[in-house]
Amino acid sequence: MATIASALSRPTSLNGVWSWITTVDHKRIGILYGVTAFIFFLIGGLEAMLMRLQLARPEQSLVGPDEFNQLFTMHGTTMIFLAIMPLSAAFFNYLVPLMIGARDVAFPRLNAFSYWVFLAGGIMLNLSWLGGAPNSGWFGYAPLTSSAFSVGNGVDWWVLSLQVLGIASLASAFNFIVTILNMRAPGMSLFRMPVFIWMTLITAFLLIFAFPVITVALVELMFDRNFGTNFFVASAGGDPILWQHLFWIFGHPEVYILILPAMGIVSEILPTFSRKPLFGYPFIVFSGIVIGFMGWAVWSHHMFTVGLGPIANAAFTITTMAIAVPTGVKIFNWIGTMWGGSIQLKTPMLFAIGFLFLFIIGGLSGVMHSISPSDAQQQDTYFVVAHLHYVLFGGSIMGILGGIYYWFPKFSGRLMSEGLGKAHFWATFIGMNAAFFPMHFLGMDGMPRRIFTYESGMGWDLWNFVSSVGAIFLGISMLLFVYNAVRSWRKGELAGDDPWDARTLEWSMPSPPPIHNFDEIPIVRGRDAWWHQKRRRAVTAPVAGGSGESDGAHESIHLPSPSYMPLLAAIGISLAAYGVVLSYYLTAFGMFMTVASLYGWYMEPITASSEDEKH
Amino acid sequence: MVSRLFRLRVLALATLVSFAAFIGAACTPDHPQSTFDSMGPVAQRQEDLFVLIFIAALIVFLIVGGFLLFTVLKFRNRAGTPRQTHGNTRLEVILTIIPAIVLIIVAVPTISALFYIADPPSGEAVMDINVTGKQWFWNFEYPDAGVTTSNELHIPVGENIRATLRSDDVIHSFWIPKLAGKVDVIPTRANDMWFKADEVGVYWGQCAEFCGIAHAHMRFQVVVETQADFDAWVAKQAEPAAEPSSELAQRGHDLVTARGCIGCHTIDGIPGAVGTIGPNLTHVGSRTRIASGILERTPENVAAWLRDPQEAKPGNDMPNLNLSEDDISALVAYLDGLK
Numbered sequence: 001m002a003t004i005a006s007a008l009s010r011p012t013s014l015n016g017v018w019s020w021i022t023t024v025d026h027k028r029i030g031i032l033y034g035v036t037a038f039i040f041f042l043i044g045g046l047e048a049m050l051m052r053l054q055l056a057r058p059e060q061s062l063v064g065p066d067e068f069n070q071l072f073t074m075h076g077t078t079m080i081f082l083a084i085m086p087l088s089a090a091f092f093n094y095l096v097p098l099m100i101g102a103r104d105v106a107f108p109r110l111n112a113f114s115y116w117v118f119l120a121g122g123i124m125l126n127l128s129w130l131g132g133a134p135n136s137g138w139f140g141y142a143p144l145t146s147s148a149f150s151v152g153n154g155v156d157w158w159v160l161s162l163q164v165l166g167i168a169s170l171a172s173a174f175n176f177i178v179t180i181l182n183m184r185a186p187g188m189s190l191f192r193m194p195v196f197i198w199m200t201l202i203t204a205f206l207l208i209f210a211f212p213v214i215t216v217a218l219v220e221l222m223f224d225r226n227f228g229t230n231f232f233v234a235s236a237g238g239d240p241i242l243w244q245h246l247f248w249i250f251g252h253p254e255v256y257i258l259i260l261p262a263m264g265i266v267s268e269i270l271p272t273f274s275r276k277p278l279f280g281y282p283f284i285v286f287s288g289i290v291i292g293f294m295g296w297a298v299w300s301h302h303m304f305t306v307g308l309g310p311i312a313n314a315a316f317t318i319t320t321m322a323i324a325v326p327t328g329v330k331i332f333n334w335i336g337t338m339w340g341g342s343i344q345l346k347t348p349m350l351f352a353i354g355f356l357f358l359f360i361i362g363g364l365s366g367v368m369h370s371i372s373p374s375d376a377q378q379q380d381t382y383f384v385v386a387h388l389h390y391v392l393f394g395g396s397i398m399g400i401l402g403g404i405y406y407w408f409p410k411f412s413g414r415l416m417s418e419g420l421g422k423a424h425f426w427a428t429f430i431g432m433n434a435a436f437f438p439m440h441f442l443g444m445d446g447m448p449r450r451i452f453t454y455e456s457g458m459g460w461d462l463w464n465f466v467s468s469v470g471a472i473f474l475g476i477s478m479l480l481f482v483y484n485a486v487r488s489w490r491k492g493e494l495a496g497d498d499p500w501d502a503r504t505l506e507w508s509m510p511s512p513p514p515i516h517n518f519d520e521i522p523i524v525r526g527r528d529a530w531w532h533q534k535r536r537r538a539v540t541a542p543v544a545g546g547s548g549e550s551d552g553a554h555e556s557i558h559l560p561s562p563s564y565m566p567l568l569a570a571i572g573i574s575l576a577a578y579g580v581v582l583s584y585y586l587t588a589f590g591m592f593m594t595v596a597s598l599y600g601w602y603m604e605p606i607t608a609s610s611e612d613e614k615h
Numbered sequence: 001m002v003s004r005l006f007r008l009r010v011l012a013l014a015t016l017v018s019f020a021a022f023i024g025a026a027c028t029p030d031h032p033q034s035t036f037d038s039m040g041p042v043a044q045r046q047e048d049l050f051v052l053i054f055i056a057a058l059i060v061f062l063i064v065g066g067f068l069l070f071t072v073l074k075f076r077n078r079a080g081t082p083r084q085t086h087g088n089t090r091l092e093v094i095l096t097i098i099p100a101i102v103l104i105i106v107a108v109p110t111i112s113a114l115f116y117i118a119d120p121p122s123g124e125a126v127m128d129i130n131v132t133g134k135q136w137f138w139n140f141e142y143p144d145a146g147v148t149t150s151n152e153l154h155i156p157v158g159e160n161i162r163a164t165l166r167s168d169d170v171i172h173s174f175w176i177p178k179l180a181g182k183v184d185v186i187p188t189r190a191n192d193m194w195f196k197a198d199e200v201g202v203y204w205g206q207c208a209e210f211c212g213i214a215h216a217h218m219r220f221q222v223v224v225e226t227q228a229d230f231d232a233w234v235a236k237q238a239e240p241a242a243e244p245s246s247e248l249a250q251r252g253h254d255l256v257t258a259r260g261c262i263g264c265h266t267i268d269g270i271p272g273a274v275g276t277i278g279p280n281l282t283h284v285g286s287r288t289r290i291a292s293g294i295l296e297r298t299p300e301n302v303a304a305w306l307r308d309p310q311e312a313k314p315g316n317d318m319p320n321l322n323l324s325e326d327d328i329s330a331l332v333a334y335l336d337g338l339k
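Going line by line, the protein sequences match chains A and B. Residue numbering for the first sequence follows my numbering, beginning at 1 and increasing consecutively. Residue numbering for the second sequence follows my numbering, beginning at 1 and increasing consecutively.
It should be emphasised that the hints constitute simulated quantities derived from the structure, not laboratory data. Cβ atoms here follow ideal geometry from the backbone N, Cα and C, with glycine treated the same way. Take these hints with a grain of salt, some might be off.
[Unchecked claim] Covered stretches of chain B (chain A as the covering partner; in silico rule of three or more C-beta atoms under 8 Å from a C-beta of chain A):
{"hint": "1", "stretch": "52-61"}
{"hint": "2", "stretch": "86-93"}
{"hint": "3", "stretch": "106-115"}
{"hint": "4", "stretch": "148-155"}
{"hint": "5", "stretch": "199-208"}
{"hint": "6", "stretch": "263-273"}
{"hint": "7", "stretch": "323-335"}
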């Protein structure tokens, strides 16, 4: 086994393609996550635009029913697992060490491994288009997913790629929990952490508790489809409702996994552009924790029409209504942060305010859904589609876009164009409302979800047309963003270290930050450490960190070396998954490759220098 | 200052216009599946509750959203470094308690409605119907009358109906927007729901749970009629299929067996015609629509369906039998006579 480690000479290059493939630097991994996830976001958006074209007018046949079912399955799965989650992970990766005053995450190679496994899962899911993509919905309700009702391999690719993606999420979640709990700069107690770090920590805990549940459910489904078990096969006595419970015990915390990072981002943007500290920091942190806990007690509100009985529905109605309280607390505190401030309406701030406005609408329609007796009319209609897009686009995506505008100068050293940014904001805001607000009307008018066509005369023609125009407009508005990002990356105005006069530690270092992040690990004496350091120099005094060097001596800072092993292990895992459909020999080979790479990973020293090899 | 006032006015106007549109769009009772045109007590209770929570949500939105906009406009570009306030515990506690109280108030009518829609009022007469959802149509069985039909549910006006919902294949959801919110139709389970129609009329229903390729085409109609009309309908349905009345129809009658239609369709009175894969055709000529509600039952539509069943409803289980035009006219004539 040691031959594997020694057969591959340790990569050392810091430039060029191979340096990106073997990197273990959290900043580069963050950029890889961001760019990859954004490409998946555009793919998922194209899928949505095809659906909206099909539904723009009644009885069209641009796509057939099976293609439409594939499109909405892939759109949902892509946006949740390949766009919003990894876009959030991009922020975690890039920012967590910078914001807590660390030189990297706790396990840099595990971090690279997470990225490569995520990429492998995303490629696997999208390759399924070649032979027929999954067509049972992102929620995969049994028994429609069983081999009797879903022939072909679409559902198999869906199951396997979600398992692969789950490995990436779990590895990444453990990494960030350890990083945040153990690697904060001296003086940064838990209650001095930026709120973004808090939301990352809560999200990571939700991930490690939620993913095992979906993993079990997917394993059972895989066994049903491949080995003739009957966990969910109704005709053989299996229980299709078991799937729904397992899926939503994962699925509802997943909703908070999708929104909490955006809430963290907004909690950083609002104070900076109001030039005030976050209002009610402990209330925002505790409400985040409460949401994290209560997120486990509301899953059956996805199942109000399943027939669980009035007692169960009453219980889940009340828990669901209750979760509006901590959410409301957050909104009041965000507005309180702006109150009395000096509000600078730069692009990131516009997106943060847009987030607030749209999230209020999505939150209120969520409370309307919690009323289970009347929800029996809205369940599985376009009213739900409107609600979830107000929360996930108006919430998560608006927050994430705001975050990109906010930290782009830190990532790239250059400012994004404000003019293009503002145009993008208004185009997105108008397009998003035009696309999703009419869906409320469609739902109230009795239009079910997931229908590939509808008859004229149902009263749905007008709002479907408006929604489609809005969706196309929204899609095109993203081109403004892509153009702005690419152009600014190459020749945007130089940003300097701290273009926004911001408050947290990442703005205390050069843009982009050096590979070792901090020359000297800062000592933190309060929240908003950098803001106070700028104004009262005595509050935080940089003193010697980890390796005790003085200025100019950071060549000796101890950083982990690049490695092939995370990539090889990720390839092994994905080959093992492909093998479940293609050939079990491939599975065996993939497993062998994974174990061998992990062994090589274990054997190779963290830092490869000539001195280390002598030891 | 003027521009700020102007901006506020524009925003207020825009908000009002969008809510006028919201309410205007909501009140569209002429639409076949509108949830704002309740025709029975269950749907009415759901609609009333929805309107109540909508008004509460609208008030909250106007207050919070308005306050958000006001804050942004008031503190925009304010000069100087603001005071670095960190919070106000009393305010926070008050703002936590107010929403909690609002939610507790809303919870009372919610829980009451929840139990109201769960079971028909005790002590009142109830008529039982067995509903079976299938990929991709509906069977309706009247256990007391011993009658089964497909895709067109007949019920007497003013009578409590208890529907027991079952599925043979995947999960469907039984939904008649003007009469009652949906309840899922699940294999391994028998779910109950009840409803009552206050007025004679024809109401649309549609499967609301994604159930596969023809999900969009799994619709049905509910015909609400007077007790006398309903009794006459039941009596008619209990009869075996009508004998063919012309030579052409007779040929169609023979084709039903010769071409194997009876393998999938039940036609009472034809030996061996007990298939359950497709809808029951014993009285198909008495229905107004075919193909689970998606086509009007005109001779042209029936002929087009027989010519290629996959054209109008892609993915359904009926194969193209490559019938000749002569055979198609014979079958159309026969099926039309099955009143």
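Evaluated hints:
Against chain A, the stretch 52-61 of chain B contributes 5 residues with a C-beta closer than 8 Å to a partner C-beta. That satisfies the three-residue criterion, and the hint holds. Restraint check on the stretch 86-93 of chain B versus chain A: 5 residues with Cβ-Cβ distances below 8 Å, three needed, restraint holds. With 7 residues carrying a beta carbon less than 8 Å from a beta carbon of chain A, the stretch 106-115 of chain B meets the three-residue requirement, and the given coverage holds. For the stretch 148-155 of chain B, the proposed coverage by chain A is not satisfied: 0 residues have a C-beta within less than 8 Å of a C-beta in that chain, short of the threshold of three.
Only residues whose C-beta sits within less than 8 Å of a C-beta in chain A count toward coverage, and the stretch 199-208 of chain B has 4 of them, enough to reach three; the restraint holds. Using a Cβ-Cβ cut-off of 8 Å, 0 residues of the stretch 263-273 of chain B lie near chain A, which falls short of the minimum of three, so the contact claim is violated. Figure legend: the stretch 323-335 of chain B, annotated as covered by chain A; annotation inconsistent (0 residues with Cβ-Cβ distances under 8 Å, at least 3 required).
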